[in-house]
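Counting in the working numbering, the final residue of the sequence shown is number 211, and the numbers go up one at a time with none missing.
Note that these hints are calculated values from the structure, not bench results. Bear in mind that the values here come from a model prediction, so they are computed numbers and not experimental data. Treat the hints loosely; a few may be bogus.
Stated by the list, open to error - Okay, derived cross-link-like pairs now, PhoX-like style, lysine-lysine, Cα gap no bigger than 25 Å in a straight line:
(1) K123 to K145
(2) K138 to K127
(3) K160 to K138
(4) K123 to K142
(5) K123 to K146
(6) K123 to K21
(7) K138 to K123
(8) K142 to K127
(9) K108 to K127
(10) K146 to K21
(11) K127 to K145
Unchecked claim - Listed next, with one range per pair, are the computed distances between beta-carbon atoms:
(12) L103 to N62: 41 to 47 Å
(13) I170 to L144: 15 to 21 Å
(14) I170 to L26: 52 to 58 Å
All C-beta atoms, glycine included, are put in the ideal place defined by N, C-alpha and C.
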Amino acid sequence: MELKFDAHGLIPAIVQDHYTKQVLTLAYMNAESLAITIDERRTCFWSRSRRELWRKGETSGNIQRVVSITADCDGDALVVEVVKEGPACHTGAESCFFNPLYLSEELKQFSYEGLYQLIAGRKNTPKEGSYTTYLFEKGLDKILKKVGEECTEVIIAGRKEDRAETVYEIADLCYHVFVLMVQMGITPEEITRELEKRHVVDHKVKQERMQ
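Let the sequences and hints guide you as you build the complete structure.
As structure tokens, this is what we get:
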């Protein structure tokens with residue numbers, strides 16, 4: 001379709017994580033940067049402040065590899081789905097959108113990405129009285145100990161075939177594993193990519209690797 005660039009020759013591009021669907025940033029492209037993005041299969045934008053082309057990750061190494069580009073119904077805005085290598089924001093945050101203005105308590109939905117960001121917030125901005133902040137203050141050994149304890153609790157509940165208790169203990173385990181992930185700088189996207197390439201449903205991956 002024919003795209004509609006504005007008076008400055010630009011079109012807004014909403015960059016979205018291919019795996020989590022999280023909005024990462026809003027940038028602008030001109031015809032040249034869009035052509036480069038398609039040709040190189042990595043995001044290239046037009047910097048309005050510097051008035052020059054810039055390839056995402058050129059200096060930081062945080063490249064965004066393009067999965068798809070979709071135009072809206074009017075052809076005057078783009079959604080660019082990417083697989084990112086590193087944070088999207090220059091602040092080091094996974095997304096540029098991290099300043100909450102409003103959240104409906106009635107309509108909000110749980111997501112693993114949301115939980116991860118909440119836990120990361122407790123590490124980056126400690127909160128007095130927070131159990132999560134307490135774990136980060138105690139350090140890796142304490143976090144690993146809690147992961148081990150929760151694994152044991154899951155086993156005990158499962159062995160009793162107590163469904164409700166097993167759900168409860170798995171939730172506890174998931175939470176503590178996410179704390180460990182944040183502590184080690186491991187993102188949900190990395191786990192997703194690992195599972196995708198393993199075909200984990202049909203193979204005993206760990207045993208195969210140990211042979």
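Verification of the hints:
Between the alpha carbons of K123 and K145 the distance comes to roughly 18 Å, so the proposed pair stays at or under 25 Å and holds. For a cut-off of 25 Å, the pair hint linking K138 to K127 stands: about 14 Å separates their Cα positions. A C-alpha spacing of about 32 Å is found between K160 and K138, which places the hinted pair above 25 Å, so the restraint is violated. Restraint check: the Cα-Cα separation between K123 and K142 comes to about 15 Å, which is no more than 25 Å; the hinted pair holds.
Taken as a hint, the K123 and K146 pair is honoured in the structure, with Cα atoms around 17 Å apart against an allowance of 25 Å. Straight-line distance between C-alpha atoms of K123 and K21 comes to about 24 Å, which keeps the hinted pair within the 25 Å bound. For a cut-off of 25 Å, the pair hint linking K138 to K123 stands: about 11 Å separates their Cα positions. Restraint check: the Cα-Cα separation between K142 and K127 comes to about 18 Å, which is no more than 25 Å; the hinted pair holds.
Between K108 and K127 the CA atoms are separated by roughly 22 Å; this keeps the pair inside 25 Å, and the hint holds. Our distance criterion of 25 Å between C-alpha atoms is broken by K146 and K21, whose separation comes to about 30 Å. A distance of roughly 22 Å separates the Cα atoms of K127 and K145; the hinted pair therefore holds under the 25 Å criterion. Between L103 and N62, the C-beta spacing of about 27 Å breaks the proposed range 41 to 47 Å.
Between I170 and L144 the CB atoms are about 18 Å apart, so this pair conforms to the stated range of 15 to 21 Å. With their beta carbons about 37 Å apart, I170 and L26 fall outside the hinted range of 52 to 58 Å.
Violated hints for the displayed structure, listed by number in ascending order: 3, 10, 12, 14.
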